[in-house]
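J.: What follows is each chain in one-letter form.
Number of protein chains: 4
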Amino acid sequence: MSQLQVGVIGYGYWGPNLVRNFTACPTTHVRAVADRDPKRRAAVKGLYPTIDVVEDPSRILTDPAIDAVAIVTPLSTHFAFAKAALENGKHVLVEKPLAASSKECDELTQLARARGLTLMVDHTFVYTAAVQRIKAYVDAGELGRILYFDAVRINLGLFQPDSNVIWDLSPHDLAILDYVLGFEPRWVAALGACHYKDGVENMAYITVGFDESVVAHLHVNWVSPIKVRRIMIAGSKKMVVYDDTEPSEKIKLYDAGMGVSHLDREGAPSMLVEYRTGDVLAPHLDRTEALSRVTQSFEIACRTGIPPLTDGAAGSRVVRLIEAAQRSLQAQGSKVML
Amino acid sequence: MSQLQVGVIGYGYWGPNLVRNFTACPTTHVRAVADRDPKRRAAVKGLYPTIDVVEDPSRILTDPAIDAVAIVTPLSTHFAFAKAALENGKHVLVEKPLAASSKECDELTQLARARGLTLMVDHTFVYTAAVQRIKAYVDAGELGRILYFDAVRINLGLFQPDSNVIWDLSPHDLAILDYVLGFEPRWVAALGACHYKDGVENMAYITVGFDESVVAHLHVNWVSPIKVRRIMIAGSKKMVVYDDTEPSEKIKLYDAGMGVSHLDREGAPSMLVEYRTGDVLAPHLDRTEALSRVTQSFEIACRTGIPPLTDGAAGSRVVRLIEAAQRSLQAQGSKVML
Amino acid sequence: MSQLQVGVIGYGYWGPNLVRNFTACPTTHVRAVADRDPKRRAAVKGLYPTIDVVEDPSRILTDPAIDAVAIVTPLSTHFAFAKAALENGKHVLVEKPLAASSKECDELTQLARARGLTLMVDHTFVYTAAVQRIKAYVDAGELGRILYFDAVRINLGLFQPDSNVIWDLSPHDLAILDYVLGFEPRWVAALGACHYKDGVENMAYITVGFDESVVAHLHVNWVSPIKVRRIMIAGSKKMVVYDDTEPSEKIKLYDAGMGVSHLDREGAPSMLVEYRTGDVLAPHLDRTEALSRVTQSFEIACRTGIPPLTDGAAGSRVVRLIEAAQRSLQAQGSKVML
Amino acid sequence: MSQLQVGVIGYGYWGPNLVRNFTACPTTHVRAVADRDPKRRAAVKGLYPTIDVVEDPSRILTDPAIDAVAIVTPLSTHFAFAKAALENGKHVLVEKPLAASSKECDELTQLARARGLTLMVDHTFVYTAAVQRIKAYVDAGELGRILYFDAVRINLGLFQPDSNVIWDLSPHDLAILDYVLGFEPRWVAALGACHYKDGVENMAYITVGFDESVVAHLHVNWVSPIKVRRIMIAGSKKMVVYDDTEPSEKIKLYDAGMGVSHLDREGAPSMLVEYRTGDVLAPHLDRTEALSRVTQSFEIACRTGIPPLTDGAAGSRVVRLIEAAQRSLQAQGSKVML
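Residue numbers (the working numbering), protein chains in the order written: chain A, 1 to 338; chain B, 1 to 338; chain C, 1 to 338; chain D, 1 to 338.
Any given hint could turn out to be false.
[What the hints assert, rightly or not] In silico lysine to aspartate or glutamate, DMTMM-like type, Cα no more than 20 Å apart, as pairs: (1) D:Lys45 to A:Asp244; (2) A:Lys227 to D:Asp286; (3) B:Lys250 to D:Asp279; (4) A:Lys197 to B:Asp211; (5) A:Lys250 to C:Asp286; (6) B:Lys227 to C:Asp243; (7) B:Lys227 to C:Asp286; (8) A:Lys227 to B:Asp255; (9) D:Lys39 to D:Glu55; (10) C:Lys237 to C:Asp211; (11) A:Lys250 to C:Glu246; (12) A:Lys135 to C:Asp279; (13) D:Lys227 to A:Glu212.
[As the list claims (entries may be wrong)] A few chain B residues facing chain A, derived, Cβ under 7 Å: (14) Tyr205; (15) Thr207; (16) His217; (17) Ile226; (18) Ala234; (19) Val241; (20) Thr245; (21) Lys335; (22) Leu338.
Just so you know, the hints here were simulated from the structure itself, not pulled from any lab data. Glycine residues also receive a C-beta, built at the ideal position from the N, C-alpha and C atoms.
Just need the whole structure built from these sequences, with the hints factored in.
T.: This is the structure:
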């Protein structure tokens, strides 16, 4: 079997990780990397002397020897590069979020479908052993009826010059939410604050509503003294906490159920909820790097034509939630219906 | 100096703590305790054989030997008991929240003022060494300009039969917010979910807006697998994290500042935020029980006529925020202006 | 059924806990408490007006209405009080350690046996849900072959005026060791340091050797910046960690096994150990206060004549280890054979 | 200024880290790497195509263009390689421990001195920002009089085929002990257990005695369910805890002092120690990789002739402690005088 020939556009913060994993994956081969910055090109050459290094991305987009293009550039350029690649008959993997608007996402998705090409978005967290395990719990009904999803992703971080914290951090949690629960969202509400530059939120609270009182809430923040990366998913039977800062016990499954009875002391109609707490299980998780599953899944999708877990439609759904959050920000936090 | 003669109405969950602290305080004396439940009355008698134990609270409200009444009963009864006590010329300490509506709070406040009596609400956390220290940092300008206040108070807890989680848990954080920052709130937005009983939120997210992009956010939740009691207050110079579940290092002060510069790589107008992280200080905190400071402060206020830190007006401000949160819940999470 | 009539000698640090639990236990009744200090006697009277309070312990030791005596006094007095009580036909519960020498322990044990009376030592930790669970794991073979027992019990604490840290802290861990493993110790070695008073160790390391390479090690320390109370018990199949400072997940069971193979790269005889890490389970533990099980177990033992878990022999075994540790200290840390 | 030309012998577990840091260091240049394993040689070539890769280490030891040799091979080969390199006039950096016996260490030290060459042992932890900061505290007298040093370095780890856990893990802590306290050890005692292979300890407790009741204790263990890497250094004024598993607050300085008074309740001569707990400071630490300071320090030492912090004598002192621990193991844990 021949290897998938990959071209990578962009070798900034995340590009090196993708190149490393494509190189380590036995079924893929990085043929060329493009970056405008000569220092970044030199960095590629130093580590991978056999990879072609180019300044102009169009050399990758038009190279007939290249089967697939990975786009790891600033968000504003995702659409143009992805569109050109698809039009040139190449499979496409795009760094999250897929594009700067759901309209762009949809256009890319349709284009890929029309051409019979793979379009995949790199929602890396979906491929972690932790999220895969949580998904398995949810699908097996271990948690019971889902009650809520609460995500906190806060840190003291470098600001992005051209986007707010919602575009930067929330795609991670929204992609996990979309994948794990798979529910159709009904509305989004968001409130944020701009402490450093007008119009650029450095912190935000996002709420996503679903049917039957299921609610998801995200706290994303670039200006926090402590680093928290924690997702809680509560069900009527069990609850799972995913703490990504834990070195070994990233997931804990709490057998903590509540029973509801409806008597009060006077015998009048009332509600009395009793709680019991049970065992806590921290399942062993495979330590394979999630990104290696991304590159492998991409190759399989390209080869078989079967859409990957995080296809264009998934990318679209995440961007649609971000857009709704943005509209809610502008509408003073009011619910934006989907 | 004679002791303040105190009558306590209600000996349920919190009453025993108040009785114990009033008993330990050298300047106060518990003369009588009222409770409708004979088992609770027997519990008082077992521990404090010299305290008068009565079934009918009016015996306390009308006893001329009693100077002050502590009301530790369900919320719906606060107003009537407090009003009767004030009308009978007695100082009043009320368990949080002060009353079931801000209108009731205001009426009590005016009544107390008119009679020259002390009205105090037991916002216990305000009297902790932790909150006192945070207040000192804020007042001394240690944090710089305040950016945000973020509180998480979640647990797997027994439900209250007659109130939602906002009335139950948020008074703690709202009282701290009110005391520490002292800013005038502009609006409140709240979203919640009722997973066990219609109309009774078991979890809620509350946002409070202030001028100049200062925002406060509370997550209160009765159905959480893990117990979190953490408040973060971020300033432009330093940030403080108050983790009440920590046995010894409850407060940490982070010397984590960010500098903002406005150059981008191309020289175009942009924003580049750099961060640096400094030392972390966990100050030694006095371990005196906060409630002992409550009873002591109450006695001083009764004796001197100087309003306590948590007077009727403070109780009113907290209830006003809760009411606004309730209205926002009913308005689908829209901002409710104050 | 009539209640066991208990007299308590000593109302210092631990006595109040015993009185409270004997009072709460429906099958026991505290008839009298003795303490030389009038303030302590007043403290009893304040909380328990119906209990007889006496200065002279002999009034308890000779009171024909008293069935059992609890001795909660300084170590040097344990033997005399316990002996007198037994000679007067009373069951005896003694605060740990049982007595100041194993010879004293043995004499008390024989005396109790001769008189048909219960002699019990208050090794409280043995009665915790955590230790009971660990014992169940060990007895069921969950851990496989036992490899080692490692205990750290360190804190910044008040010094005992009349004993070193070994007599003060190690009885807890030695009692757990004795109960959980039940192995016969072969030797003891101990090293310590006296930083504040010559001849009074404020920190010590104690090693206890068993057959088949099983080793136990204790670190006890009064002068530590952090509080650690952790016991690890490693087996060939699983390992358990008991962290008593954890509020909820006190025990964790690690399914972490190692396989040994004996090949090296060159094919020469060698050893290659592979490890795998499995799930981690934090079992739900009953939160009943351990001391309530102590008082209940004592009453059952007195009533039935069946020796309690922590009988005189158990008290003797623990003191014998402490004595050996003391001899090793004096012998420069050399192994003292048992 | 010309770069120091470095040859590296051994490209197993640690070699790649040294090569990477020598390559990143502007004043050093890796000219050649030797490894017997063709796969490891290919790994070098893939990452660093310009480095000469050889099978035979003598090609490095005799290459006149090479100024300095880094030896990153199994312990048993350290001496022969280091001796040959020194005899050929090359500076030498050796992976810890310096050699398999103190006699070998001394011979290398003398040889280096005689030839005017640098001999350095890679005690990496000495170069961490954490240890540098602790050393600064100790030297400045912040801790007061040193009381003890307690190190725990335990983990579930792959066994070394040709050494026990003492040779594998304790050099880290002994090197820190030697550097930070700088006291002359008087005796060593050690006890261990071999659960997997006779004569190969997989866990050990080592005690090192100094003058004036200063004691150091190490727990090293390959078979632990949890990973602990913690050093406590207690002084009469302050105490420092170094927890290397903490992502950000690796060092905490406890202002926890104890005062001693000598009165007892009866007025008899006694000891009453009072404790007070003060602030806790977690100082900000530079995040530079310690190994980059190792390579830089090595280059400076080679250039200037000034001995590095971890010179041959330091390597000797550490190996001497290990040898004493080995002898104590064989003498049943008895103290071995130094």
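J.: Failing hints, ascending?
T.: Going through the list in order, the structure violates hints 1, 5, 13, 20 and 22 and respects the others.
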